[in-house]
Amino acid sequence: MSKDFSLHPELASTFALPVDLLYFLLVAISAFFTVAIVVVVIIFCVKYRRRSDDERPKPIHGSLPLELAWSIIPFFICMGIFTLGADMFFRMYRAPADAIDVYVVGKQWMWKIQHPEGKREINELHVPVNTPVRLTMTSEDVIHAFSIPAFRTKRDVVPGRYNTMWFESTKVGEYHLFCAEYCGTQHSTMIGKVVVMEEQDYQNWLSGGAAGESMAEAGMRQFDQLGCATCHKNQSGGRGPTLTGVYGSPVQLASGDIVVADESYIRESILQPTSQVVNGYQPIMPTFQGQISEETLLQLITYIKSLSEPTE
Amino acid sequence: MTTTVTPESPAAADHGAENYLNHEYGIKSWLLTVDHKRIGLLYLITTTMFFALGGVFAGLIRLELMTPQGDMFQADTYNKLFTMHGVAMIFFFLIPSVPAVLGNFVLPLMIGAKDVAFPRLNLLSWYCYITGGSLATFAIVAGGVDTGWTFYTPYSSTYSDGFVALALTGVFINGFSSILTGVNFLTTIHKMRAPGMTWFRLPLFIWAHYATSLMMILGTPVVAITLLLVALENLLGIGIFNPDLGGDPILMQHLFWFYSHPAVYIMIVPGFGVISEVIACFSRKAIFGYSFVAFSSLAIALLGFLVWGHHMFTTGQSVYASMVFSFITFFIAVPTAVKIFNWTATMYRGSIDLKTPMLYAIGFMGLFLIGGLTGTFLSTLAMDVHLHDTYFVVSHFHYVMVGGMVMAYLSGLHFWWPKMTGRLYDELMAKTGAVLIFLGFNLTFFPQFVLGYLGMPRRYHVYPEEFQILHVASTGGATVLGLGYIIMFGCLIYSLFRGAKAGPNPWTAKGLEWEIESPPIAHNFHETPIVTSEPYAYEEEDVLLADKASH
Amino acid sequence: MSSSASHPALRHYFDDLQQQHESATMGMWAFLAQEIMFFGGLFAGYTVYRFKYFNAFVTGSNLLPLEWGGLNTVILIASSFTVAMAVRCAQQGQHKSIFNWFIATMVLGIAFLGVKSIEYSHKYHDHLIPGLNFTWDGPMAGPMKIFFSFYFVMTGMHALHMVIGVGLMIWLMPKIRAGKFGPEYYSPIENFGLYWHFVDIVWIFLFPLLYLIGRHIQ
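Residue numbers (the numbering used here), protein chains in the order written: chain A, 1 to 312; chain B, 313 to 863; chain C, 864 to 1081.
Derived from the structure by calculation, the hints contain no laboratory data.
Quick caveat: nothing in here was measured; it's all calculated off a predicted structure.
Just to be clear, a hint being listed does not mean it is correct.
Claimed, not checked - Label pairs and their in silico Cβ distance ranges: (1) L1023(C) - L614(B): 25 to 33 Å; (2) F32(A) - D473(B): 25 to 33 Å; (3) S6(A) - A633(B): 31 to 39 Å; (4) D201(A) - L547(B): 30 to 38 Å; (5) L548(B) - F75(A): 46 to 54 Å; (6) L614(B) - R239(A): 53 to 61 Å; (7) F32(A) - G802(B): 34 to 42 Å; (8) V631(B) - F75(A): 19 to 27 Å.
Unchecked claim - Negatives, chain B to chain A, calculated, CB over 12 Å: (9) I339; (10) S341; (11) T345; (12) M378; (13) T449; (14) G455; (15) G752; (16) I798; (17) R810; (18) A812; (19) I842.
A virtual CB, placed ideally from N, CA and C, is assigned to each residue, including glycine.
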C-alpha cells in the first residue's frame, strides 16, 4: 500500500484506469463550469457595483434562446456522462465467464473468505494477478460492504441474499480492504487487505498449509450429514428432484414460472423450501433456516455446482 | 407595487409603536400564539438550539478525526456522535429552517395576507417539532443512538441496542410538523393572495415554497410509516425487514429513500427561493428568466420523487433499475443549472451592492455549484461504485447542505432580520462572520473530496495513517467555520440590544413585506394591499426608494 | 361575498366565509393526499411480500375471518352513508338531523372497532400476534409472520384512524348541538365527512387485499 501522498489510489485493476479517466473528465467539466461562473460573478460584482444610491438598472426579463441554450447544452453533457458511466457500470457488474470464484461471508466485524480449493482466510483475500475473480458474498448479520479502493470497486454485502462483484487485478501488491457500509461498533476496524500474487505464487499459497478438503468436498460431506441425500438422489425418482446438472439450468416451478437455478435459487430452496416448489413435487422439504451457517450453505452450493460440471 | 398603505405608516417604526412583538406580553402569549410571525421566531430559537447541538457533535467528531487512532472516544460513542449529528441537523435544523423560520414569517407578508390559512395548525406544527425534538434529545441524553441518521435495517431493527425506537418516535412526530406546514403553505398560497397578486406576480420565494410544500405533503408520510415499521421491528420483532424471517432489508432502503431524496430538495428549494429574492434586491434588478426559475422549482419537486435509487447503486438492485435512476438524476441537473445561470444573468448590468445577505448569496452560488456538480459524479454509475459510502459523498452533501442551504438560510436571515426584529446589525461584523464561514467551510470540506477518492470510508472512527494530513486540514477548517458561526450569531444577538432601528425598507427592496413597518404590526397590513405591478419591478420610480432608513 | 362579515365562525384573517370554506376544504384534501402516501408505504411493502411469498399470504389470508371482515365492510359503508347524510343536513340547516346522523355514524364506527377487537382477541388466542405471542409450526414460519405483521400494522393503523374519527365526532357533538353549523358554515362537518370517507376507502382496499387472497382457489 503506497504511503506517498496522491490524489488517487493505486491503479491495481482493469477498472482503475477507466474510472480514473472518467473522474478526471468530470473534474475538468466541473472545474470549467465552476471557474466560469465564479469568474463571471466576480467580474459582475466589480463591473456593475453600485456607484450611487439612486441607480436604477434597466430590467432584462429573459431570453428564450439563452434559456434553451443553457438547458440543452448541459443536458447533452449530462447524457454523455451518463452513457460513459452506465456503460462502464454494466461491465463492472458482469463477471466474465472464466472468472474464478471466491466466497465471502461478512459478519460483525470480520471478513471470512473461502476459496473453492478449501483455503480459508480472515480479513485477507489472496488472488492471482491478471485473472478475473468473482466474489459471491453474503452477510451473517447486518449489511456490510466489500470495498477495494485500489480496484475502484465495491458491493454491499447483504444478509439473506448473495451479491456478486468481480475484478481483474493488474498489479502485484497489497491493497486496502474496507467495510464500506456502517455496521455497528467496530465498523472502522472491519478492514483487511487484498494480496495480489503472481499465478505461481498463488498456486503455492493455495496448496500450502495443512491439507484440507475443498469446498465441494465439504459440501458433499454436509449433504450426507444433513440428510439431503435421503430425498435428492443421483438420478430422478427420489422424493426430491435430483440435483445432478441442476445448477445453471432452467427449472419449472409448481406455480408455472421458470427460473434459472443459480446460487440464490439454491440458497432459497434450502432456507425457504416451500416458497419455490419444483413442478411435480410435494412441498415436504423441511427448512434449514437457522440450522446451518452461511459458510456451510456456500459449501453445499459449491458441491451442487460441481454436479453440473463436466468431469474435470 | 402600489398599495393602499398610508404614507405615514413608515414612521411607526419608532419607540412607542405597537408591533407584533410588544402588543402582548407574557410567556402564554408566546407559547399559545397563533401569529405566524411569532411562530417563526419560536422556530428560530428552537432550530438554532438544534443547530448548536448538531454543531457541538460535529466539533467533537472533527476533534476525534484529527488522529488516526480512536483516542478521544470509544467506538460506540463515536458512532452515536455522527448519528445524532445527522439526526439533529437534518430533521431538526435543515428541514424546518427556511420554511418554518423565514417562510412562516415572510410568506403571508409577501402575498399580502394577514396570516396563514390555518394559524392554529401552524402552532400545532411547532409543538410537533418540539415534542419530536425533545424525544430525540432525550434519546441522545439517555444513552444515544448509533444507527446513523439513515437507520438502515437490520442493524437498527435487530442489532442496535441504543434508544432507537425512542429516537424514531421523535423523528416520526416531527414529521407531522413538516406535513402540517406543507398543508398550511399550500392552502395559503392558493387561497390567500391579495387582490391583484396573480400567480405570475408572486415572488420566487413563494414558488419555491409551493414546490417545497408539495414535497413535504407527499414525501414525509412515506418515511413516517417506514420509521414506524423499523421502530415496531426494533421493539416487537415483527420481522418485516428481518432476513432470518425472509424479510428484505433493502426494502427498507427503498421506502426510506423514497422520502429522503425529496427531503434533500425540501431542504434546498426554499433556499433557492431566498437566493432569488436577495440577488434581485442587491442587483436591483428583476430576476432574469422568472418563469424558468419558477417552473424549475416544480420540475425539481417532481423529478425528485423519481430518483431515490441513486442512493442504492451498490446494494445489488437490478442493474437496469440503477440505470433508470441514474438517467433521471441527470435530468434534475438541468433545472438546477438553469437557476444558477439565471441568477448570474440577473447580476449582469445590475447595480450590485455587496451587503451581508448578498455576500452569503454569492457564496451560496459558488459552493452550491461545487456541491451540485459533485452530485453528477455520484449519479454517474461507474463513478459511484468507487465513491459510494466514502468521504466524497460526505463532502458532496455538506457542500450542498452547508455551503448551499445554511448559507442561503443565513442570507435570508440577514435579509429579513431588520423586518423581523426592527434592528440593523453591524455590517462589518456580519461580513466578517460570512467570510470566515465561507473560508472555514471550504477548508473543512474540500480535503474530504480527496479523502473520498482515495477510498476513505465514511462513518469511520479510526483510519489508516496516510489519511491523516487531510483530516488535520479538515479539522483546522472546522475551527475557522465554528468561529465564523459564533461571530455571525454574536453579531445578530448584539443587534437586538444595540442595533440601530430599522425603517420599513433598509435594503430598498421590492415586495409587499418591505412596504410595512419593521417590525410589522400584529395583523401585518393596515389595509389589504392591492397589487398592480410585476414582481421585482426595480425600475419603477418609487417613493420608498428614497427611504434609506438609518444606515 | 356574502354578508358573512359578522358571522361568528369567520376568522379575522379571511375576507369572507367562502374563502374560509375553500381554504378548509383544500387543506383537508392536501391532508388526505398525505394520508394516501402514508398508507401507500404499507401497501407497497405488502405488494412486495405478496409477490415473494404468495403461498404464505394465501394461507394467512384464509385464517382471517371472512364473516367478521365482511360485516365490518358493510358497517363502514353504511357509516359513510350516514356521515354523508349528516353533511347534507348541515348544508340544508337541519340541525337536529345532523346530530342524529352523527350519532348513527359514531355507533357504526364503534361497532366496527368492536368487531375488530373480537378479531384481534381471537388472533391472540391462536398465537398469531407478531411481537406478542406468534408461533407457527408449519412451513414458511417467517413469511407467515410477515403476513400477520402486515395484517396487524395495516388494520391497526386503520383502526387508529377510526378511533381518531370517533374522537373527532365526540368533539364536534357539542357544537352540533349548539346549532353552530348551517348552510353558511358547515365546513367542519364536510371535512370530517371527507376524512371519514377516506378511512372507509382505505378499508375497501384492505379487506380484499388481506381477507380475500386466493379464496377462489380453496
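A quick look at each hint next to the structure:
1. Look at L1023(C) against L614(B): about 31 Å separates their beta carbons, and that is inside 25 to 33 Å.
2. At roughly 50 Å, the beta-carbon separation of F32(A) and D473(B) lies outside the given 25 to 33 Å, and the hint is violated.
3. Range check, S6(A) to A633(B): about 35 Å between beta-carbon atoms, so the 31 to 39 Å window is met.
4. The hinted window of 30 to 38 Å between D201(A) and L547(B) is violated, with their beta carbons roughly 53 Å apart.
5. The hinted window of 46 to 54 Å between L548(B) and F75(A) holds, with their beta carbons roughly 49 Å apart.
6. Roughly 55 Å separates the CB atoms of L614(B) and R239(A), a value that falls within the hinted 53 to 61 Å.
7. The beta-carbon spacing between F32(A) and G802(B), approximately 39 Å, falls within the hinted interval of 34 to 42 Å.
8. Remark: the range hint 19 to 27 Å for V631(B) to F75(A) is upheld by a beta-carbon distance near 24 Å.
9. At roughly 42 Å, the least C-beta separation between I339(B) and chain A is larger than 12 Å, which holds for a residue marked as non-interface.
10. Here S341(B) stays apart from chain A, with its beta-carbon at least about 40 Å from theirs, past the 12 Å limit.
11. No Cβ of chain A comes within 12 Å of the Cβ of T345(B); the nearest lies about 38 Å off, and the non-interface call holds.
12. For M378(B), the non-interface assignment is confirmed: its Cβ lies about 15 Å from the closest Cβ of chain A, beyond the 12 Å cut-off.
13. With a least beta-carbon separation of about 22 Å from chain A, T449(B) lies farther than 12 Å from that chain, consistent with its non-interface assignment.
14. Under the 12 Å C-beta cut-off, the non-interface status given to G455(B) relative to chain A holds; the minimum distance is some 14 Å.
15. With a minimum CB-CB distance of about 18 Å to chain A, G752(B) clears the 12 Å threshold, and the non-interface call stands.
16. With 12 Å as the threshold on Cβ separation, the claim that I798(B) sits away from chain A holds: the shortest Cβ distance comes to roughly 27 Å.
17. Annotated as non-interface, R810(B) keeps its C-beta farther than 12 Å from every C-beta of chain A; the closest such distance is 25 Å.
18. The Cβ of A812(B) sits about 17 Å from the closest Cβ of chain A, beyond the 12 Å cut-off, so the non-interface label holds.
19. Every Cβ of chain A is farther than 12 Å from the Cβ of I842(B); the closest lies at roughly 22 Å, confirming the non-interface assignment.
The structure does not agree with the numbered hints 2 and 4 stated previously, though it agrees with the rest.
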